[in-house]
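K.L.:
As given, the protein sequences belong to chains S and R, one line each in that order.
For the first sequence, the working numbering gives the first residue as 868, with consecutive numbering after it.
For the second sequence, the working numbering gives the first residue as 6, with consecutive numbering after it.
Rather than coming from a laboratory, the hints here were simulated on the basis of the structure.
The beta carbon of each residue, even a glycine, is placed where N, CA and C say it ideally should be.
None of the hints are false.
Partial list, computed: chain S residues near chain R (C-beta under 8 Å):
{"hint": "1", "residue": "N989"}
{"hint": "2", "residue": "M996"}
{"hint": "3", "residue": "A998"}
{"hint": "4", "residue": "L1008"}
{"hint": "5", "residue": "K1044"}
{"hint": "6", "residue": "S1081"}
{"hint": "7", "residue": "L1084"}
{"hint": "8", "residue": "P1085"}
{"hint": "9", "residue": "L1102"}
Okay, derived cross-link-like pairs now, DSS-like style, lysine-lysine, Cα gap no bigger than 25 Å in a straight line:
{"hint": "10", "chain 1": "R", "residue 1": "K220", "chain 2": "S", "residue 2": "K1111"}
{"hint": "11", "chain 1": "R", "residue 1": "K290", "chain 2": "S", "residue 2": "K1088"}
{"hint": "12", "chain 1": "S", "residue 1": "K1092", "chain 2": "R", "residue 2": "K275"}
{"hint": "13", "chain 1": "S", "residue 1": "K883", "chain 2": "R", "residue 2": "K275"}
{"hint": "14", "chain 1": "S", "residue 1": "K1111", "chain 2": "R", "residue 2": "K21"}
{"hint": "15", "chain 1": "S", "residue 1": "K958", "chain 2": "R", "residue 2": "K146"}
{"hint": "16", "chain 1": "S", "residue 1": "K883", "chain 2": "R", "residue 2": "K290"}
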Amino acid sequence: MKFLVCISKAPDTTSKIEFTDNNTKFNEAGVQYIVNPYDEWYALVRALELKESLGGDVTTITVGGAADDATIRKALAIGADNAVRVNADPKDAYFTAFQIAEYAKDKGFDMILCGKETINYNGSQVGGMIAELLNLPYVSLATKLEMNGSTATIDREMKGGVEVVEVNGPFVLSAAKGMAEQRIPNMRGIMAARTKPLEVVEPAACDDLTSFESYALPEAKGDCKYIDPDNMAELVSLLHNEAKVI
Amino acid sequence: MSVLVYIDTLSGSVSKAAMEAVYYGSKIGSTTVLTNGGIAADQLAVLGECGASKVLVNRAVTVDDASQVSKLVVAAVEATGADTVVMPLDLTGRAVAPRVSARLKAGLATGAVALPAGDGTIKVNVFSGKAFGNVSVKTAKKVITLTPNSLQIEKGGAAAAVEDFNAEVGGASITVKEVRKQEGDILLPEAELVVSAGRGLKGPENWGIVEDLAKALGAATACSRPVADIGWRPHHEHVGQTGVAIRPNLYIAAGISGAIQHLAGVNGSKVIVVINTDPEAPFFKAADYGVVGDAFEVLPKLTAEIEKFKAQN
Ligand SMILES: Cc1cc2nc3c(=O)[nH]c(=O)nc-3n(C[C@H](O)[C@H](O)[C@H](O)COP(=O)(O)OP(=O)(O)OC[C@H]3O[C@@H](n4cnc5c(N)ncnc54)[C@H](O)[C@@H]3O)c2cc1C
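The following block holds chain S by itself, in its conformation from the complex (with noise of 0.2 Å):
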């Protein structure tokens, strides 16, 4: 089988969030980037695992520019056997799932898969636009992936519960948590990876849709109030008279 995995940069989740230039970028001074987690551990790792079990190959698309190459290195140590890079900034999700599916669209991919979110934009956005483009069906938010044949059995969170579906490729899946254990590369991926093709594609021409015009930091906490542990009644009665939250 043919697997593609939408790999994102994201912070480290230990990274400071601060902007510069009048609050219109992300500050990057001393930020460390990662791979999304929910695109590695997940969509890239399960990838990996269906490929060992049935064969195929695993190809990892970034849209991003020469500074991800690092990031996508880390992908490819992992276990990943290729990679591409779309040669482009991306402006917002729909640039992103626009470039994604243009550079898919006459591969032969049996299966699609990216992170339900990254955890910089948290925008749920390009997997589910990447299935409209390509016009394929998609499993959002999923935590359980089985092939039999070609038709994939897959758990997926719904409204209240979690839900069972069939579907037949090709399609587009949303990986959430569950779907696999993280793998920490060890030194012969590492050296591997070093070798591994990164083909690097131009961009195609592409509406702009949306825009981040400015960003802003939520407002300080006021003190920490302490209660005695030994008058929870206070305690409710600053939640209903103080607070207003009971």
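Fit chain R with the ligand to the supplied structure of chain S, relying on the hints for placement.
P.N.:
For chain R with the ligand alone, coordinates are given in the frame of chain S:
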């Protein structure tokens, strides 16, 4: 402005997140709601109260296939001439809104936390709740998904006219084999009150004191990531950067250290109460109210006081 709000229902009733989306739409312009046939008859009135002027009911399409649902939404946009589509950022909104956006070539702002500003920009959550972004949608048609618990609904609209709505949406590409309902009836992402606990609770057998407090308050339960990873609690309760992001009115955290990845998914909560034995726990920096104490003693006491308060009010 003409707005179309798409919502689906869980067991026939309109969720709070859906009501908020309808109310949000009504604050932007004249609002038509599109919903599926599963909605209970008495719930149609709720949509009017939240500000809908018209309700379109489709009885043919199930809610499971994002491809069909998005075709239905696009057909309703065409039929009503809507310029803005609003959906709650729930599991359906996450599947359907991007497809609608790509189909209409209409810019999508995900996770709005406020009404559009005077300049038309839409404030959304970014960096897992650690910051906000102001998005400008450059297309004439716009799609917005709304973060649950982002605005206070003031009910008061009149009854909405109800009409059947049908459209050609093609065959389903997904077959539903089984549905497993989640235990408990308060859905975490839209709960107003949440009681959460972490590794400080020492083991799954101790969760009774957490559930007792949640029950007394009418709250949903949640947990930190290691607790879900070890299997003490189900995965859907894991909140934080890599779990569910929530913004309830009240978040009570017992035995949780407050690591940055946990805070990322909960710091949108209006009021945070932290119970921890360690006065240096980082969570106290994000808390409104702090109790330095042992969760095993504090939680039962708090539950007893809540029960007393409920009996009097
Ligand atoms: C990429 C990445 C993503 C992550 N995403 C998430 C996420 O989404 N959500 C998340 O929660 N974590 C996440 N984490 C993990 C996070 O960094 C912390 O490890 C985790 O939140 C700690 O959980 P905890 O507070 O329950 O446990 P601990 O860190 O073990 O803290 C337990 C706390 O309980 C207190 N305690 C002990 N006994 C008692 C008692 N009897 N009464 C009261 N208090 C007591 C202790 O003082 C301590 O503060 C992520 C980590 C990484 C690297």
